[in-house]
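K.L.:
Start from the sequences and build out the full structure, keeping to the hints where you can.
Numbering that gives the first Met the number 0 numbers the first residue of the sequence shown as 0 and each following residue consecutively.
Errors might be hidden in some of the hints.
As the list claims (entries may be wrong) - Straight-line alpha carbon distances no greater than 25 Å define the calculated DSS-like cross-link-like pairs of lysine-lysine that follow:
1. K56 x K11
2. K56 x K14
3. K14 x K171
4. K65 x K50
5. K50 x K171
6. K11 x K50
7. K11 x K65
8. K171 x K11
9. K50 x K14
Keep in mind that the hints were calculated from the coordinates and are not lab data. Since the model is a prediction, treat every value here as computed from it, not as a measurement.
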Amino acid sequence: MATEQVTIGEKKLTKRDLMGVFIRSNLFQGSWNFERMQSLGFCFSVIPVIKRLYPEKGPERELAIKRHLEFFNTHPYMAAPILGVTSAMEEQKANGADIDESAINGIKVGLMGPLAGVGDPIFWGTVRPVLAALGAGFATDGSIIGPLLFFVLFNAIRLGFRYWGVVYGYTKGTDVVSDMSGGVLQKLTEGASILGLFVMGALVNKWTTIYVPLVAYTTTDDNGKKVDTTVQSILDQLMPGLLALGLTFLCMWILKKKVNPLWLILGLFVVGIVGYATHILGIPPANYSPLGN
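P.N.:
Given below as structure tokens:
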């Protein structure tokens, strides 16, 4: 958004106003309802902007508040850029620019769908599970660092993005729309998905252990001692972590068949319990390593 567009009149938003929008946006879901979804949260978030632009109580302030009570629904974190764009448009309107209410609501409606489609795979599908996986790695060893790591990192990303989103949306104004049309969101989503797949692929090998203690055959060494060769040792010689990798691909294939994930989880529980009861599956020894070291 060009500078001259923002400064048509004397009314100008300050960093403190944008900080107020950011702080209030953390309560975005607080008044969620089935009628207008996040409309109350959106309106609550832009109150600092409206108070700055319309300091006197009157019809203009009332209309500004009412136009942000329309239906609104997007990813709660991705609402930050929309709040920024809306703040910029409200500033222009308060300074006399020819912007009607339908234009402001149109921008909000036009952005909330695409940004919701980006926010879900990035935050819910990549950032949160990856950080949870990293934290769980420490937690399984009994370290308090695990949950603290997840809490600190996730909230640092969440808060950082929300603040940056408000400032970015305000600075760019309606130019955010052209940024999205240039494929920026698609590239961002693809990049986050690829990074998430790399991390989760590494964690599958770290966390998923399937141990098959069945004895395949028994041999006698030079000292006359019998040595059992298990199915697991044979599989580890072929490819360490082969069963874990195979199980991962099997679960992916089942999920692609639209099977309810809950049934898949219950099925894994049943297979694990039955396998352990029949001694097909077992708990690996403390010194066990698929790599043999």
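K.L.:
All hints, please: hold or fail.
P.N.:
Here is what the structure says about each hint:
1. Distance check on the hinted pair: K56 and K11 sit about 18 Å apart at the alpha-carbon level, within 25 Å; holds.
2. Between K56 and K14 the CA atoms are separated by roughly 23 Å; this keeps the pair inside 25 Å, and the hint holds.
3. With a C-alpha separation of about 15 Å, the suggested pairing of K14 with K171 holds against the 25 Å cut-off.
4. With a C-alpha separation of about 13 Å, the suggested pairing of K65 with K50 holds against the 25 Å cut-off.
5. Taken as a hint, the K50 and K171 pair is honoured in the structure, with Cα atoms around 22 Å apart against an allowance of 25 Å.
6. For the given pair, K11 sits about 12 Å from K50 by alpha-carbon distance, which is consistent with the 25 Å threshold.
7. A threshold of 25 Å between alpha carbons decides the hint, and for K11 with K65 the separation of about 21 Å falls inside it, so the pair holds.
8. A distance of roughly 15 Å separates the Cα atoms of K171 and K11; the hinted pair therefore holds under the 25 Å criterion.
9. Between K50 and K14, the direct Cα distance comes to roughly 14 Å. Compliance with the 25 Å bound is thereby established for this hinted pair.
The structure meets every hint from the earlier list without exception.
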